[in-house]
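Chain by chain, the residues run as shown.
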Amino acid sequence: MAVDLKGILSPFSALKQGVKPPHTVRFPREKKETAERYRGLHFNDLEECIGCGSCATICQNEAIDMIKIEGFETKDGDSGLRPRVDNGRCCWCALCVDVCPTGSLSLTKDYIYVTDDPNAFLWTPGVDNPDGKEKISFTSEEGKPLLDYQRIPMRELEGMERVKSFAEVVLGYDEEEARKEAARCVGCGICTEVCPVHMHIPEYIFAIGRGEDEAAIKIIYDNNPLGETCGKVCTRRCETVCAISKRGEPVAIRWLKRYATERANNADLIEEIVNPEILPPNGHSVGIIGAGPSGLTAAYYLSLRGFDVTIYEAKDKPGGMIMYGIPKYRLPLESIEKQVGYMQKMGVKIKYNTAVGKDITFNEIKEKHEAVLIGIGFEKPYELGINGEDAEGSIQAINFLRMVNSERPVDIGDKVVVVGGGNVAIDAARVSRRLGAEVTILYRRRVEDMPADWEEIEGAEDEGVVIHPQAIPLEILTDENNHVKAIKYANAEMIPDPNGGRPRPKIIEGDEHIIEVTAVIAAIGQGADYSFIPEDIMEKIETKRGRIVVNEKQQTSVPWIFASGDIANFRADAISAIADGYRAVKGIEELLLKKEK
Amino acid sequence: MNLEKENKFAKQINETFHSAVVKVQRERRIIVELRSDLIPPFLSFAKEYLSFIHMAHYSCVDWLEENKFELVFMLWSYEEDVMLIVKTKIDREKPEFVTIKHLWPQAETYEREIHEMYGVDFKGNDRLGEFILEDWDDLPPMRRDFDTVKYAGEHYFTRPGREDAQDVRETIARHSGEEIPDFAKKYSIRRDEE
Amino acid sequence: MREKETTLYLGPQHPGVTGNMMVKLKVAGDTVVKAETHVGYLHRAFEKLMEVRSWMQCFPIVCRICVPEPDPNEENLARAVEEIEGREVPERAKYIRVMVLELARMASILLWMGGQSGSAGLYTMPQWSVGDRDYILDLFEELTGGRVYHMYIWPGGVRRDLPEGFEDRVLKTLDYLESRLPDYDHLMFENAIFQKRAKGVGVIPKEKALEWGVVGPPLRGCGIKHDVRIDEPYEVYDKLDFIVPTYEGGDVWARAMVRRQEFEQSISIIRQVIEKMPKGDYYNKVPNPFNWIVPPGEAYVKTESVRGEFGYYVVSDGSLKPRRIHVRGAAYVHGVSLLEKILVGANIADVSFIMNSLGVCPPEIER
Chain A
298 MAVDLKGILS
308 PFSALKQGVK
318 PPHTVRFPRE
328 KKETAERYRG
338 LHFNDLEECI
348 GCGSCATICQ
358 NEAIDMIKIE
368 GFETKDGDSG
378 LRPRVDNGRC
388 CWCALCVDVC
398 PTGSLSLTKD
408 YIYVTDDPNA
418 FLWTPGVDNP
428 DGKEKISFTS
438 EEGKPLLDYQ
448 RIPMRELEGM
458 ERVKSFAEVV
468 LGYDEEEARK
478 EAARCVGCGI
488 CTEVCPVHMH
498 IPEYIFAIGR
508 GEDEAAIKII
518 YDNNPLGETC
528 GKVCTRRCET
538 VCAISKRGEP
548 VAIRWLKRYA
558 TERANNADLI
568 EEIVNPEILP
578 PNGHSVGIIG
588 AGPSGLTAAY
598 YLSLRGFDVT
608 IYEAKDKPGG
618 MIMYGIPKYR
628 LPLESIEKQV
638 GYMQKMGVKI
648 KYNTAVGKDI
658 TFNEIKEKHE
668 AVLIGIGFEK
678 PYELGINGED
688 AEGSIQAINF
698 LRMVNSERPV
708 DIGDKVVVVG
718 GGNVAIDAAR
728 VSRRLGAEVT
738 ILYRRRVEDM
748 PADWEEIEGA
758 EDEGVVIHPQ
768 AIPLEILTDE
778 NNHVKAIKYA
788 NAEMIPDPNG
798 GRPRPKIIEG
808 DEHIIEVTAV
818 IAAIGQGADY
828 SFIPEDIMEK
838 IETKRGRIVV
848 NEKQQTSVPW
858 IFASGDIANF
868 RADAISAIAD
878 GYRAVKGIEE
888 LLLKKEK
Chain B
71 MNLEKENKFA
81 KQINETFHSA
91 VVKVQRERRI
101 IVELRSDLIP
111 PFLSFAKEYL
121 SFIHMAHYSC
131 VDWLEENKFE
141 LVFMLWSYEE
151 DVMLIVKTKI
161 DREKPEFVTI
171 KHLWPQAETY
181 EREIHEMYGV
191 DFKGNDRLGE
201 FILEDWDDLP
211 PMRRDFDTVK
221 YAGEHYFTRP
231 GREDAQDVRE
241 TIARHSGEEI
251 PDFAKKYSIR
261 RDEE
Chain C
4 MREKETTLYL
14 GPQHPGVTGN
24 MMVKLKVAGD
34 TVVKAETHVG
44 YLHRAFEKLM
54 EVRSWMQCFP
64 IVCRICVPEP
74 DPNEENLARA
84 VEEIEGREVP
94 ERAKYIRVMV
104 LELARMASIL
114 LWMGGQSGSA
124 GLYTMPQWSV
134 GDRDYILDLF
144 EELTGGRVYH
154 MYIWPGGVRR
164 DLPEGFEDRV
174 LKTLDYLESR
184 LPDYDHLMFE
194 NAIFQKRAKG
204 VGVIPKEKAL
214 EWGVVGPPLR
224 GCGIKHDVRI
234 DEPYEVYDKL
244 DFIVPTYEGG
254 DVWARAMVRR
264 QEFEQSISII
274 RQVIEKMPKG
284 DYYNKVPNPF
294 NWIVPPGEAY
304 VKTESVRGEF
314 GYYVVSDGSL
324 KPRRIHVRGA
334 AYVHGVSLLE
344 KILVGANIAD
354 VSFIMNSLGV
364 CPPEIER
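Protein chains in written order, with this note's numbering: chain A, 298 to 894; chain B, 71 to 264; chain C, 4 to 370.
Only chain A is shown next, with the shape it has when bound in the complex (with noise of 0.2 Å):
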């Protein structure tokens, strides 16, 4: 067999490496600076971070968990948990990291980590290594996101086409549509601690996403009986906190709820679906007085629970400032009736045209009921305080929405002021467009001061509405009949408050104006009449800046008698309103049932 020579002779070619240095580390020791993308230990930004939890949720190794770390407190916005990484069980795939809704969670630079303790692999990211923002490399930042950011865009009528009729401007979301919007959430439920109602928000959405509308209407119906409304006109908290709208657009809970509830379109649709529990007969009665959303959502939960349940409303249909407060385009009439068909047939029975104090006294009904819930709302309104305020065509707002949803005749003419920038004054700016005026709004503050949403601020200024800020009325000028012709206002500054409170307007002598007008509509707020109750009961019941007092189960000083709803809170909203009624269920249960015993 023939030699090989050259394969016996090449490998000592290997020889010429002794003399070349090394390629590994060089002596003594250099520190060798890892990746600017190394995925190594966590870190947390404990502030940025909202314990929403949803590193523990995609960490497939379970090695996250979510603790109560000292500083950090369960509030609005926030679950007061914070994550703690298992580093036996971390692989360090960083989906904990891309899936961050806030950002607040990346992995850094450092992958020693010694100690002579075996049972110390329990790691909080920025409790434990508090430096580690110096060493951040891996971050959500730096890829795409894994979270859906963009909201599904809401269809809606185009902006003049609107304020020819009072059709409804929210279209609605179609199905393919809520599937994927529901998609977007990360269901950690920091959004149900601020809804007044604590609805059962991130299982809802969960249902609606996965085509189960029929399990999110039942759900929705557990602690909210009005949820159609609260999808169509909810001032929605939830959405402010949502975990998505730390870097991007909220989940839209809302037009979702409005999505599910909407597709059961009648009421014996509702039933057949929510289909829920209805305790026998318990022998006790309750009386409500006015049928708006607190006083509905008390005496539908009351009807299940047994309870025998009238509501005294003085007009002649249910809702209260739903079905007189909130125009047609953002709450059809027939979408109220559907909700209190409902209620009706699970039992709530309404009295109509039964205003207490003139169609039945208080007493009749302290007879007849063992508790009473007070719901009645705002229905005075403040006055502007200003000369002709009581010639014709000078309205309350209140007044003249309710005129327009009773389609009773309003004459307005052809130029309407409003005063004031709330979302009364903008529902009345809005309707009086529909009716075929030009609207001017007047606010005493800046646009940004305004306490109306801001989609609806929008939506007003897309409809032509003009607003005019920093503006005080001074006089409303009248003709010959008494007729209003014009306001008198004038421009103000903002005065910055020496205490820290917001800015005050402050009228700029001499800068007067004068507009024509056929009509001013006022809509500054609202108060309370309580001249309904007797004084011997009312002088016990305790009351503050208008409002009554409760306890957490809206019971008031007289232990028989409940209030809800705008006289009962600060919120003036309609979820409120319906917290309100179902944590008067709990009081008026409690009262009830433990006297029993």
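Check the hints yourself; a few may be wrong.
To be verified - Below are the DSSO-like pairs computed for lysine-lysine, each with C-alpha atoms no more than 27 Å apart in a straight line:
id	chain 1	residue 1	chain 2	residue 2
1	B	K220	C	K51
2	C	K37	C	K228
3	C	K199	B	K193
4	C	K242	B	K75
5	C	K228	B	K117
By construction, these hints were calculated from the structure, which means they are not laboratory data. Please read these numbers as outputs of a predicted model, since none were measured by experiment.
Guided by the hints, dock chains B and C onto chain A, whose structure is given.
Frame of chain A, contents of chains B and C only:
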């Protein structure tokens, strides 16, 4: 997309095996569903006459809800560069099949694994028995009704120190006083559905 | 006189550098009479775990099926899911994927060089090749944040774009590795000892290769030219120019020569990728991972890994979790039915040498 050769194969298959449900899934992929007793003749037909000489893969899928196991054979034709996916469903209660190791010797290994992981008995394969697992006396573990979490909980201890973990949803609900009814709870993403 | 047969347990602690598995040998003198593969030491039930995890949670699991070359796993899972979903992948992502796959192939061949020559007693070679492999791992660290487990290719594309100036550093590393090839040749491939050990050992009969399910370098080492990158081009392999090296003989030597040439082809492929890579998007976002439902369907996708055809069979029943993910590693066939056959008649000293040449990787067998 040109599906000429895929359709040609589909036609040939249908002409010989009338009961075969043939679907051209995409370019280079043909799916054939067949009665289980026709599988051995079909496979040798595919290998000898249709040039599917390479058995690339042999899998089993548990369709628990239907009470069936699905055996899946992936065959590749090097001549035409097409994959034939042959599927058949067998009874899940008494899962039995015949070995195909006379066609492809490596099928023996696949059958050993499917036997161990799903409990399918392959007649004619004398090497069924312990393969990957050791001293296994529970349900065949790849069956969908075998619960890994439960098994791990029963057989391994959890390292102490993590008992203070809290559920975010529950923490918030507890703080706000929200009572989540049972019918809603199963729609919480945070809970495992299984 | 017939020699007395002895049972010998080779492994499970590391027979060569192919990982933890055991071969139960019956030997007569120095000659293997019967071989039986025993696995289970690396079984982690990944397939079962994935059935109880959401689709996105599967992604960090699969890379762990193969340490030297994890990327075909990630690529296969991603491509299977994309096929079921009908999801488009941006062109740039496809090029990046090919670059990652080829870099992984090179790193894996370097590791194999170490193992193959190490099991023949040439201990200088592992020092060199494993050291040089680290330069590729440096690139991975920069691109993906991890040296070994990259967790980089995921459904919809890749996870991050290339860092600034990354292409230049890849080219520089390729130049360096290319310059090292003559050294490897002198030390390993031209080495008389290596050649003598490798030639005529562990022969796979050519006429049986296809039927036995032999794939990858062992198949091409039988002179049969099949490569998934050519047979069923995936990503952008159809836009790249490369040859599929083959070698006659079916022995360890033939397989070594195939891999040696593939290393050069990979260098060429990566250079083309960098030249042709378009600008633009690198990720087509999948839905929110908490609510990501993959529509019902099934897909079998395959990749040419360094050991041969690597396949994923993925079945979705239209839920948040996979119904079934079944991994087909090349070693599943090479390490059990093939190994058991070709070890018969081999010398004991050649057993781990042959295992190395087949690329037997136990985690692929038991997963």
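Comparing the hints with the structure gives:
1. K220(B) to K51(C): 13 Å, holds
2. K37(C) to K228(C): 30 Å, violated
3. K199(C) to K193(B): Status violated; Cα separation ~44 Å.
4. K242(C) to K75(B): It holds: about 23 Å lies between the C-alpha atoms, which stays within 27 Å.
5. K228(C) to K117(B): 20 Å, holds
In summary, the numbered hints that this structure violates are 2, 3.
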